[in-house]
Amino acid sequence: MSTQIADTPATDPGLRHALTQLPLHPLPEQIWPALERAMARKAQRRRLTHWGAAAVAACALALIPGWTLWSAYQMGSEPSGELLADSKMADSSLVGSSMPGANMDLQALELSVLESEVASLDQQLQRHSGPADQIEKWQRRHVLLAQRNLIRDPNARTWSL
Amino acid sequence: MADHSFRQTLDELTLARAKRRDPVAFARIYERYARACFNLGLRMLGDAGRAEDLTQDVFIKVLERIGGFRGDAPFGAWLKRIVVHAAIDQIRGPHPMQNFSDFGDGDFPEPEWPGRNPQPDVGPDLERLLMSLPTNARAVVVLHEIEGYSHEEIAQMFGMSPSFSKSLLSRSLKRLRQQWSLVPAAQVGQP
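If you read the protein sequences in the order shown, they are chains G and Z.
So the first sequence is residues 1 to 161, counted in the numbering used here.
So the second sequence is residues 1001 to 1191, counted in the numbering used here.
Some clues are possibly wrong.
Coverage of chain G stretches by chain Z, computed from C-beta distances (three or more under 8 Å per stretch; other residues unrestricted) [to be verified]:
| id | region |
| --- | --- |
| 1 | 23 to 32 |
| 2 | 137 to 148 |
With a straight-line cut-off of 25 Å between C-alpha atoms, the simulated SDA-like cross-links for lysine to any residue are [claimed, not checked]:
| id | chain 1 | residue 1 | chain 2 | residue 2 |
| --- | --- | --- | --- | --- |
| 3 | G | 42 | G | 28 |
| 4 | Z | 1019 | G | 153 |
| 5 | G | 137 | Z | 1159 |
Just a sample of chain G residues kept apart from chain Z, beta carbon distances all over 10 Å, derived [said to hold, decoys possible]:
| id | residue |
| --- | --- |
| 6 | 15 |
| 7 | 20 |
| 8 | 52 |
| 9 | 119 |
| 10 | 125 |
| 11 | 126 |
Read the hints as simulated data drawn from the structure, not as lab findings.
In this text, a Cβ means the ideal position worked out from N, Cα and C, and glycines have one as well.
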């Protein structure tokens, strides 16, 4: 059956020509405004995601020292030297011993990553690009700076940029 | 007459600007290609509302993916592929469209049109006959006969075997020929 179908010359040149000549329908005008709204919603969601991620990161950074102290208090003792050494080793293993700067403090590493990303954004901002792109980069830069400030001063309770 | 097909070329400057998310460049791309996207969607899906949604979704995808467009193929071909895949996703999606591939002998439902077909004198015009085909069958006819895709490409897009595409095309064209033969050749613009 399938061989018969495959061997049958399905295409009719006259019919095909007529099909390719079918006129195009006009484009409904309502698509563009709806598309603009959808794009604006998407851009807003993206911005919120940036801020949300920054807020989560900031909360996590602020909570870690508190959590460590609380754990030590619950154990009824000050964190021992051994515990601290273990924790430092764990930090190093997270970074990866074969990577350059494996022994670098995690906070310093994170700060250097943030600084380099800000510097890269500053370079990109000096080049001309579309307004939407520029706004996005400025927003990203603000988020990064906020993260950096919180790492430098975890006790800060304000979002000063 | 302005070309509204996927064959139009897109200048490098507009493309580069669109890649940097320049809204003006994006609007220019929309102006040039949206009509082709809408019409391909309309022919594949057979429903103006769905074709409008499809066009909107496609341009959002374009906005998201244009940064990765490398220019190996013309922009129009790249865009057309996005439209075709989006339409097939709708046809095969979690809520598949009715009349999937059933060639039953009953009356066909009236297709939903954005407006009257611009060829009012053709009688049982070809587009109307095309729209009366089951969804899958119509999509295969549009992709093979109008858009020039091969059976292998169509089969791959549908995740089926080439005999699926050949079989549907053969049966669809047979039906179209039978009904189209009732229309005088001069009225349908035969070559």
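(request) Taking the shortest Cβ-to-Cβ distance between residue 119 of chain G and chain Z, state whether it exceeds 10 Å. (result) holds, 20 Å
(message) For residue 20 of chain G, is the shortest CB-to-CB distance to chain Z above 10 Å, so the non-interface label stands?
(response) violated, 6 Å
(message) Quick check for students: does the CB of residue 125 of chain G sit more than 10 Å from each CB in chain Z?
(response) holds, 13 Å
(message) Can you confirm whether the C-alpha distance between residue 137 of chain G and residue 1159 of chain Z stays at or below 25 Å?
(response) Violated, because 41 Å separates the two Cα atoms, which is more than 25 Å.
(request) Examine the region 23 to 32 of chain G: at least three residues should have C-beta closer than 8 Å to a C-beta of chain Z. (result) holds (count 9)
(message) A cut-off of 10 Å on Cβ-Cβ distance, and residue 126 of chain G was said to be off the interface with chain Z. Does that hold?
(response) Check passes; 14 Å lies beyond 10 Å.
(request) Starting from residue 1019 of chain Z, check that the Cα of residue 153 of chain G is at most 25 Å away, please. (result) violated, 38 Å
(message) Does residue 28 of chain G sit within 25 Å of residue 42 of chain G, going by the straight-line distance between their CA atoms?
(response) holds, 22 Å
(message) Confirm or reject: residue 52 of chain G is not an interface residue toward chain Z, with every Cβ-Cβ distance exceeding 10 Å.
(response) holds, 19 Å
(message) At least three residues with a C-beta closer than 8 Å to a C-beta of chain Z: is that true for the region 137 to 148 of chain G?
(response) With 0 residues in contact (Cβ-Cβ under 8 Å with chain Z), the coverage given for the region 137 to 148 of chain G is violated.
(request) Please confirm whether residue 15 of chain G is truly not at the interface, meaning its C-beta sits more than 10 Å away from all C-beta atoms of chain Z. (result) violated, 6 Å
The structure fails to meet hints 2, 4, 5, 6 and 7 from the earlier list, while all remaining hints are met.
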